[in-house]
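Q: Sequence:
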Amino acid sequence: MTTTDTLDVHGTVAQSIRMIEAGCELVRITAPSKREAEQLGEITRELRQAGHDTPLVADIHFTPNAAEIAAEHVEKVRVNPGNYADKKRFEHVEYTDESYAEELARIREKFTPLVQKCKRLGRAMRI
Numbered sequence: 006m007t008t009t010d011t012l013d014v015h016g017t018v019a020q021s022i023r024m025i026e027a028g029c030e031l032v033r034i035t036a037p038s039k040r041e042a043e044q045l046g047e048i049t050r051e052l053r054q055a056g057h058d059t060p061l062v063a064d065i066h067f068t069p070n071a072a073e074i075a076a077e078h079v080e081k082v083r084v085n086p087g088n089y090a091d092k093k094r095f096e097h098v099e100y101t102d103e104s105y106a107e108e109l110a111r112i113r114e115k116f117t118p119l120v121q122k123c124k125r126l127g128r129a130m131r132i
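Per the working numbering, the very first residue in the sequence shown carries number 6; after that it's consecutive.
Nothing false has been slipped in among the hints.
Here are the simulated lysine to aspartate or glutamate pairs, EDC-like style, with alpha carbons at most 20 Å apart:
#, residue 1, residue 2
1, 115, 73
2, 124, 114
3, 39, 73
4, 124, 73
5, 39, 10
6, 81, 47
7, 122, 73
8, 81, 43
9, 122, 77
10, 115, 103
11, 39, 77
12, 81, 51
13, 39, 80
14, 122, 80
15, 81, 58
16, 124, 77
17, 115, 77
18, 124, 80
19, 81, 30
20, 39, 13
21, 122, 43
Ranges between beta-carbon positions, derived for each pair:
#, residue 1, residue 2, range
22, 131, 110, 20 to 26 Å
23, 77, 99, 34 to 40 Å
24, 56, 104, 49 to 55 Å
25, 19, 105, 42 to 48 Å
26, 39, 97, 28 to 34 Å
27, 85, 13, 20 to 26 Å
Since the hints were derived computationally from the structure, they do not count as laboratory data. Think of the CB as a built atom: it goes at the ideal place given N, C-alpha and C, for glycine as much as any other residue.
Using the sequences provided together with the hints, build the complete structure.
A: Structure representation (structure tokens):
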């Protein structure tokens, strides 16, 4: 996984190339917001222009819209459906059967469009 700021396209590309040259078979890049997800397109272009076809993985948490953007630019999208549709808040919640079913429906509503988009684009997913 890269450690550069994803908004630093040139730094992320340079670090990715070092990783690839060291033997990495894929490069995981974080995209915590839409801005970073959009930059994945430029990162991918620069890596491909430099002759590298190593698969790129977008690491997404908490931001469904960033995941859908990232899917347009990388070979794989990595998400955790448990925090995919939530804000960055961690609280203990006691669920009734009914509230648990409602929570699953809410997650499904947010998560399904990404699954459909990845399927349509032929992208892999790590869920």
